[in-house]
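Residue 439 in the working numbering sits at position 439 of the first sequence, with consecutive numbering throughout.
Since the hints were made in silico from the structure, they are not lab data.
There is no bait here: all hints are sound.
When the alpha-carbon atoms are kept at most 20 Å apart in a straight line, the in silico PhoX-like pairs for lysine-lysine are as follows:
(1) K226 - K182
(2) K367 - K414
(3) K422 - K313
(4) K480 - K458
(5) K466 - K542
(6) K202 - K275
(7) K170 - K182
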Amino acid sequence: MDYKDLANAIFPEAKEITYYEEKYPERNLKEGAIVTRFAPSPTGFVHIGGLYQSLIARKLANQTEGVFILRIEDTDQKREVENGITDIVQSLDRFGIDPDEGMISETEGKGNYGPYKQSMRKEIYQSYAKYLIEQGKAYPCFCTPEELEEMRAKQEAAKIRPGYYGVWAKCRNITVEEAIEKINNGEKYIVRFKSPGREDRKIKHHDIIKGNVDFPENDQDIVIIKADGLPTYHFAHAVDDHLMRTTHVIRGDEWLSSVPLHLQLFHELGFKAPKYAHIAPIMKNDNGNKRKLSKRKDPEAAVSYYDEMGIPKEAVNEYLLNIANSNFENWRRANKDKSIDEFELQLNKMSVSGALFDMVKLLDVGKTVISKFTAEEVYENAFNWAKVYDKELEDMLQDKKYALKIFGIERGNKKPRKDIAKWSDVKENIEYMYDDKFLSKEQEYPYQVINEKEDVNKILDLYIEKYYDENDDKQQWFDKIKELAGELGYAKEVKEYKANPDAYKAHVGDVSTVLRVALTGRTNTPDMYEIMQVLGKESIEKRFEVAKK
RNA sequence: GGCCCCGUGGUCAAGCGGUUAAGACAUCGCCCUUUCACGGCGGAGACAUGGGUUCGAUUCCCGUCGGGGUCACCA
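Generate the whole structure from the sequences, applying the supplied hints.
Have a look at this one:
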């Protein structure tokens, strides 16, 4: 009896690997094309780090006319979550990331290198596991979890390196006969890789991001097929990325230390290894310590958070690109109106260590992004956001014509306003422009300098009676406020007032503050001329009447 | 603890043997003929630390300290 018999005893049905090698041939792509993938587990919400990785992978594939695959790694059924795949697909879509191949729903995929869900590839893994067993490069292991735990305890007590390797790899030397007998007796087993490595030897690895890294060789006989017949991550990674003809593995740097194992697996399987790029995670400052953005503790770890806050996807993408390649900022300044698709991302320029997530900067990017939107775009985005997250704002925006006027204030010129960073800012920003909201609320009227009721009312009355004309252009409007100030004994110019403060009660700026506050209830607003244009005469008069009481 | 990676202003970061050590966000001041925002100009603010190597180290080497990752029938 030999390894072949053993292999047949374990996987009697498995196909020859040549079947799969032929079914998934080398891809016919242009020189330098990058085939890469995002390979999440459907264990709940999509992490911002996952979006970051996909964004990078998607761009790289685009730039090289390659392929971007969405592969679902669902080999741990315990951790699976309902609608996990749908959530991933939709999250990526919401940020404009569209895979060329991969899963498109819980059960369906697109592309010729599928299935793209690991639980659907069970027999493929088994074929390759069988292939390894036939060659004596893998073997069944009958150790129980309890035995393994016991072994680990011994190793720890003796302060030696834990794991299943060398003399500790008990099942490694079981004879074929014995193994087959145990199998026939119904003993439970899993399949382990027989590592040819030695811990005292080093391997050299060049990572596209991390650079040259030396590791001890792997000598652990890791599990490749679990008790449920599904592969472990490591084995699935080797088989899938070989069969999907992945050229570049872009993944989180928590995988860096597995590289020796993975390289060994590729080698023993007879596969050409892909290039690796290990991305540093996005971190958060937690009491002076850096730590990865955590699903449990940090709401901003979930991509859904950005939807809820109404941070535009363009802002999130730009911010992420900014972390990925710091020269993005310079490029953006030089190419203000170009799409981020035109920016050429370079993997080898990515930072080796993790960046702290900076919400303030993200919001700044958001302001800039939104400032470039047209009033129509602002309206559509805000309205769509409101439909899901803010009923009151949704109602306000029903009158599209009026909303468009508001969003048009100081927009579309060379120096557009930057006061909206996210859609959830909108309500607070425009609320006072609605008579029903503004007039139904008790206002504070912080008039600043000119505070006497009598003075205030005099300004408001005189302005309406004598000066206000809704057909005035901005210059006329401006001049009239000066006239108003002059007539009531205020300085017509601020400089004049500053030069001779005792001659006047206050200056034109203070007068216009009175108008502004009476009109809006606040001291800080966008351009008052435009506000008055939008409000219209009727509303202005109503507001003044209320303010005078 | 073993192994691996990293350490430039508050944050993201250029620079990689000789620089007045870029830039962005944040912060402060001034200007933008009346607010605020935008914009412009300017200010403050950094090479973790100790040893080497060198004519010269932020850049190279070693140690220390600090941070991160990883050591599962999880990915």
